[in-house]
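Please build the complete structure, drawing on both the sequences and the hints.
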Amino acid sequence: MGIISSGFHGKRRTGNPALPPGQYETPSFPVLTAGPAPYIARADWEFFITTETGQRRAWSWDELLALPQVDIRTDIHCVTSWSKLGTSWRGVSLDTLFADVETTSEFTTAHSYGGYTTNVPLQDLLDGQAWVAWQFDGEPLERAHGGPARLLIPHLYFWKSAKWINGIELMPHDVPGFWESNGYHIYGDPWREERYS
Amino acid sequence: MSTLWRVAEVIRGVPETESSRTIGLRVDGLNGNLAGQHIDIRLTADDGYTAVRSYSVATAGMDELLEITVDELANGEVSPYLVRDLMVGDQLEIRGPVGGWFVWLPTDPNPVQLIAGGSGIVPLMSMIRAHEASVNPSQFRLLYSLKSPEAGFYREELLTLNQGSPKLTVDYVYTRKVPEGWPMAPKRLTAETLLASILPADMAPDIFICGQTMFVETVTVWMVQAGYPAASIKTERFGGTGGTR
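Chains W and A are the protein sequences, given in the same order. Counting along the first sequence from 1, when you hit position 49 you're at 48 in numbering that gives the first Met the number 0, and nothing is skipped either side. Counting along the second sequence from 1, when you hit position 235 you're at 234 in numbering that gives the first Met the number 0, and nothing is skipped either side.
If you're looking for bench data, these hints aren't it; they were derived computationally from the structure. The structure displayed is predicted, hence computed values, not measured ones. Wrong hints could be hidden among the right ones.
Derived DEER-like restraints, expressed as beta-carbon distance ranges [as the list claims (entries may be wrong)]:
#	chain 1	residue 1	chain 2	residue 2	range
1	A	79	W	136	24 to 32 Å
2	W	8	A	203	47 to 55 Å
3	A	213	W	41	18 to 26 Å
4	W	43	A	107	45 to 53 Å
5	W	142	A	131	31 to 39 Å
6	W	43	A	213	39 to 47 Å
7	A	105	W	38	30 to 38 Å
8	A	87	W	10	19 to 27 Å
Here are a few chain W residues that face chain A, going by a calculated C-beta distance under 7 Å [claimed, not checked]:
#	residue
9	3
10	4
11	6
12	9
13	35
14	79
15	80
16	142
17	182
18	186
Far from chain A, some chain W residues (derived; all Cβ distances over 10 Å) [said to hold, decoys possible]:
#	residue
19	10
20	30
21	32
22	94
23	128
24	154
We put the beta carbon where it would ideally sit given N, CA and C, even for glycine.
Listed below in structure tokens is the structure:
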């Protein structure tokens, strides 16, 4: 144990076993973005997956909505120490989107409208762990929170859940994305408190 | 950058406003910080309970000293202790400085427009201080949106710099109460006032905006609509969205 601040008592909001180390629960939904939130009309929106062989699959907004939709209830954990428990989302599982994609790559880079990128190992996107989410709490996802659609990878710190998602590029190597090049951890597991590099 | 927890000693504690305090820290082994970075502070209660929060660094030194300015949040967990109870000579733990995006480097060649809402001034002040301490000749302009004159941080220093520095211009917007003799009534920042108070887009400034989420969101939308390239705008936000989503 480190330094004791004897006058400090705190609010004991971290006794909850759903909270990873160093996190506190917040009822609000803070917004953290590196720059302006881009505008993307649904008519112009698409989601792509590209592979190392040049194969490219893409879905328009209507095509995305025509795929099987799933409801997700999950906790989310931001690297800035807030966690929001029991959030409700609706979207398309990446298992569905990757169903016909053939690849030997083990890594991916997620690309967002506006230029944001983040790197995620492929195995963290599959097996019911990640979604393209377009609804939050039963309402269309607000632009400030990544609308029309964002990635949802709740088992990693939330900067991996790229807002304004545009597509996923399969990568032969793990290439640091935006925050990963700016001091944040390459993987970002909240339960191991992988905040910074 | 260090991501280990280190001991910091409180060497200074000066009220900045009625609800905020600037805290000077000495951190063994610290080798300065970049202008705009933040640190994490960890407080440990006597039964081992800990709480961690991030605070922007207000200074941009190259040694073992740094300062933060903490605004007390109503119902906050950590900020009331830092503003009201922490004493000179106390120790606490810090991690960082952290961050490589919302930073200004003395080698950056472009003019800089800073836009602060309330306590969002803190990381921007770090940039102003780094700029003033450097030989970088680029033009800095700060737009500081405040509820009232009394809510301003670093008032004397900004006043002195605004009058004396050839490299910095400071503009104020008061949203609820103006200083005596101020030519305008208090009002919310508008797009018109904003655009009249910042470096024009054709000067291609680097833009740093920091404040509460709604402030940052509103200002960035106006600036993008006015033709400032989105890629030139860096933002940092604090606080929730004001709602539960």
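Here is what the structure says about each hint:
Range check, residue 79(A) to residue 136(W): Cβ separation about 31 Å, and the 24 to 32 Å hint holds. Distance hint for residue 8(W) and residue 203(A): a CB-CB separation of about 50 Å, consistent with the stated range 47 to 55 Å. At roughly 24 Å, the beta-carbon separation of residue 213(A) and residue 41(W) lies within the given 18 to 26 Å, and the hint holds. A C-beta distance of roughly 34 Å is found between residue 43(W) and residue 107(A), which places it outside the suggested range of 45 to 53 Å.
Under the hint 31 to 39 Å, the C-beta atoms of residue 142(W) and residue 131(A), about 37 Å apart, fit the expected range. As the Cβ distance of residue 43(W) to residue 213(A) is approximately 27 Å, the hint placing it in 39 to 47 Å is violated. Between residue 105(A) and residue 38(W) the beta carbons are some 35 Å apart, a value that agrees with the proposed interval 30 to 38 Å. Remark: the range hint 19 to 27 Å for residue 87(A) to residue 10(W) is upheld by a beta-carbon distance near 25 Å.
Nearest Cβ of chain A to the Cβ of residue 3(W): about 5 Å, under the 7 Å cut. The hint holds. Of the supplied interface hints, the one on residue 4(W) holds, with its beta-carbon coming within about 5 Å of a beta-carbon of chain A, less than 7 Å. Below 7 Å, beta-carbon pairs count as interface contacts, and residue 6(W) has one with chain A at about 5 Å; its hint therefore holds. Because the smallest distance between the Cβ of residue 9(W) and any Cβ of chain A comes to about 5 Å, under 7 Å, the interface hint for this residue holds.
Taken as an interface hint, residue 35(W) checks out: its beta carbon lies about 4 Å from the nearest beta carbon of chain A, inside 7 Å. At a threshold of 7 Å, the smallest CB-CB gap from residue 79(W) to chain A is about 6 Å, leaving the interface hint in force. A cut of 7 Å between beta carbons decides the hint on residue 80(W): the least distance to chain A is about 5 Å, and the hint holds. Hint on residue 142(W) is violated. Least Cβ distance to chain A is approximately 9 Å, over the 7 Å limit.
Interface restraint check for residue 182(W): the shortest CB-CB distance to chain A comes to about 5 Å, inside 7 Å, so the restraint holds. With a least beta-carbon distance of about 14 Å to chain A, the hint placing residue 186(W) at the interface is violated under the 7 Å criterion. At roughly 5 Å, the least C-beta separation between residue 10(W) and chain A is not larger than 10 Å, which violates its mark as non-interface. With a closest Cβ-Cβ approach of about 5 Å to chain A, residue 30(W) is found to fall inside the 10 Å limit, against its non-interface label.
Here residue 32(W) does not stay apart from chain A, with its beta-carbon only about 6 Å from theirs, under the 10 Å limit. Distance check for residue 94(W) against chain A: the nearest CB is about 27 Å away, which clears 10 Å, and the non-interface claim stands. With a minimum CB-CB distance of about 23 Å to chain A, residue 128(W) clears the 10 Å threshold, and the non-interface call stands. Distance check for residue 154(W) against chain A: the nearest CB is about 21 Å away, which clears 10 Å, and the non-interface claim stands.
Hints 4, 6, 16, 18, 19, 20, 21 from the earlier list are contradicted by this structure; the remaining hints agree with it.
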